[in-house]
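Residue numbers (our numbering), protein chains in the order written: chain S, 11 to 349; chain W, 64 to 424.
Keep in mind that the hints were calculated from the coordinates and are not lab data. Warning: the hint list may mix true and false statements.
Which residues of chain S face chain W? A partial, calculated answer using Cβ under 10 Å [unchecked claim]:
#	residue
1	L19
2	G70
3	E78
4	L104
5	L106
6	T119
7	F121
8	R122
9	A137
10	A254
Built from N, CA and C at the ideal position, the CB exists for glycine as well.
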Amino acid sequence: MLRIEGVYLQPASTAHQAAVLIEPHAGWLEVQDAVTGTVLWQGTDYHADELLPGLPLRLGFADGSCFETSNTSQLPSKLKHHAKLSQIERSTVLALLAIVLIPLLCLWTYFRGIPALAYSLVPHVPAAVVASIDEQSLFTLDKTLLEASKLPIAEQTRLREQWLKDFNQAGSLQVPVKAIEFRDAPEVGANAFALPGGTIVVTDQIVELLKDQPDALLAVLLHELGHVQYQHGLKTIAQSAANAVVLAVVLGDLGSLQEVVVGTATTMVQASFSRDFELQADTFSTQALKQLGKSPNAFADALKAIVKSHDVDPNDEKGMLKYFSSHPAIAERIKNASN
Amino acid sequence: MSEPITSVDALSAAPVQPSSTRHIVEFTGDAAEFFRIWIVNILLSIVTLGIYSAWAKVRTNQYLYSHTKIAGHAFRYLANPIQILKGRLIAVAIFALIAVLNHFNPLVSLGVSLLMLFAFPWLLLQSLRFKMRMTSYRNVRFGFHGSYGGFLKYFIGLPVLSVFTMYLLMPYALKRMDEYVYNNVSYGGRRSTLSLEAGTYYSTAFKIIGMSFAIVIAMVIAVMITAVVGSMMGEIASQVLSFIVAGAFYIGLAVISRAMWTCVIRNYTYNNLKVEQLATFESNMEVISYSKLLFTNTLLVAFTLGLAYPWALIRLQQYRASCTTVLLSEEIERLTDPLQQDSSAFAEEASDLYDVDFALT
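Turn these sequences into a full structure, and let the hints steer you where they fit.
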């Protein structure tokens with residue numbers, strides 16, 4: 011029969027006395043005064059503190075009294091399974107294994123787990139939210155980096171209609187293009203980008219740069235159409251939001267909330283797509299060019315012209331970083347697009 | 064460890080507590096043992112997608128509390144992991160909602176900031192109430208009796224006001240915050256009391272500002288010297304050396320200013336803190352030894368990529384405990400908490416939303 015010596019602490023009081031814990035039959039506990047044998051508490055309704063290596067066993071009773079003992083070699087029958095966790099925490103082998111496993115699991119969660127979770131949420135984002143994201147992003151960009159286009163309205167309309175016609179011929183669109191906007195962007199230079207909700211923004215600079223190569227310009231637009239079709243923008247936002255939520259779970263405190271919220275607002279505007287997303291859009295563009303009966307090399311031509319306009323060596327990774335912070339090495343993309 | 068004060072001097076100096084016994088706080092935690100608990104709990108938290116982190120928190124706190132002892136009696140952490148989990152789930156739900164709304168309209172983050180300003184005192188109050196209620200010593204619980212109004216006044220009102228005085232009011236505000244917190248803590252239904260002068264807060268603040276200037280000037284000179292010396296070894300060596308020197312100064316500045324504030328203010332606070340008829344406190348932390356501890360802890364954690372965190376934490380707890388003395392009167396032997404004994408009233412108070420941990424403190 012279980013018999014453990016310890017201390018009984020009276021309800022909500024510092025008064026205590028030497029006592030013995032016994033379990034006359036399974037589940038039923040009795041605490042007796044160590045000297046007189048008087049029963050101080052008995053019953054089945056008790057709660058044990060978590061058992062930890064090196065710590066005493068503590069049982070709390072409903073009336074606020076408790077029993078404490080540093081002898082944890084034997085336990086009441088109800089608590090046998092409690093001890094398992096404590097045994098795991100004593101293991102040196104498991105501790106060493108954890109040192110290896112923790113970084114691996116963190117990396118897997120960050121690169122595979124969270125993106126998969128986030129992408130599965132994208133189809134459930136309401137259309138109104140998606141539309142609003144584009145309006146807000148364009149508003150912010152107009153206030154900061156972009157100015158009204160200097161292209162004649164007639165030219166804008168001609169290009170827009172031509173591209174939309176080409177888009178429809180390239181294949182059936184899963185996600186509609188919301189709008190094609192022209193902007194003057196002296197700071198950004200020759201570029202085009204897709205906003206999360208399906209708006210494509212084209213800078214005057216790229217129109218000017220590729221004015222003699224309409225197919226190359228179309229290739230750039232098709233690349234942006236690829237981002238829209240695969241919903242890369244929404245996926246990126248969902249991922250950054252999921253990262254933030256996971257961070258909140260891990261840190262488990264509200265203090266960092268504000269910081270993280272402000273953080274996600276800025277990532278949205280600056281959103282640059284991952285390497286995988288860029289390559290996916292590149293492939294989409296070359297495939298669509300073939301569909302339209304154009305040379306798939308047009309996209310490589312466009313890339314070469316853009317790189318040249320930014321005056322960087324396509325093989326110089328460091329210089330490239332300035333313009334395409336998360337883009338795959340341009341040389342590799344040009345090579346892919348030329349095949 | 065403990066020696067009764069018996070001399071006539073002690074009697075006349077402390078007439079309120081004629082038979083106090085001195086106890087240096089003990090911390091008996093073991094770094095190697097704690098490391099295994101800590102790392103296994105992190106692994107389990109990751110594998111369970113964060114759910115287990117609530118259990119991990121309870122186990123970690125239980126380890127630290129149970130190894131902190133006064134007069135041979137340990138503290139006890141009473142929280143149930145479910146309460147922690149509830150708090151975290153609510154926080155995550157609110158957070159996810161804000162993150163989504165924020166993408167809908169970036170102005171939301173502005174509203175959230177404003178809301179946080181008013182929610183902060185409430186969260187602080189709840190987390191202090193929870194933390195105190197979940198702490199017991201010799202089977203008697205601590206309590207916290209502050210109010211939302213009090214926190215709004217001292218933790219938002221005064222600091223905001225101090226901005227308009229070019230922060231001249233800030234040391235005074237910090238003094239009032241410390242007083243407010245310690246005057247609302249109770250043990251077994253008995254309030255602790257703390258009354259301070261702002262002088263110590265001001266002199267410490269000015270000393271830290273003066274010292275920071277001195278350290279920044281020393282850093283500039285040191286970086287210049289390293290740059291000159293390093294330039295003989297080449298451009299990259301010069302840059303790396305300057306970076307290391309500047310980094311060491313930066314950590315040093317952060318550590319020393321923090322150590323100065325903590326040591327002086329904690330000693331001053333503890334030396335004036337008392338629980339009527341029951342306890343007085345003494346703290347004798349030293350700026351130099353505490354700075355050394357913080358500096359080596361920072362390097363230890365940084366160079367092991369966080370793995371040495373348990374060692375750093377145990378060292379910190381050991382040092383803090385060894386610098387703290389509690390003078391306990393005989394009343395500790397026969398203290399009962401009337402409210403806690405009335406279990407129905409106690410349960411009723413604990414059953415509402417306040418029984419959730421928001422972990423701000």
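Verification of the hints:
1. At about 4 Å, the closest approach between the beta carbon of S:L19 and any beta carbon in chain W falls short of 10 Å, and the interface hint on this residue holds.
2. Checking S:G70 against chain W: minimum C-beta separation of about 8 Å stays under 10 Å; hint holds.
3. The criterion of a C-beta within 10 Å of any C-beta in chain W is met by S:E78, whose closest approach is roughly 9 Å, and the hint holds.
4. Interface hint at S:L104: satisfied, since its Cβ lies 6 Å from the closest Cβ of chain W, which is below the 10 Å cut-off.
5. Proximity of S:L106 to chain W holds as hinted, the smallest CB-CB distance being about 9 Å (cut-off 10 Å).
6. Checking S:T119 against chain W: minimum C-beta separation of about 7 Å stays under 10 Å; hint holds.
7. Taking 10 Å as the C-beta cut-off, the interface hint given for S:F121 is violated, the closest approach to chain W being about 14 Å.
8. Evaluation of the S:R122 hint against chain W yields a violated restraint, the C-beta minimum of about 14 Å exceeding 10 Å.
9. Contact between S:A137 and chain W, as hinted, is not supported at the beta carbon level, the nearest pair being about 12 Å apart and thus beyond 10 Å.
10. Among the interface hints, the one on S:A254 holds; its C-beta lies about 6 Å from the nearest C-beta in chain W, closer than the 10 Å criterion.
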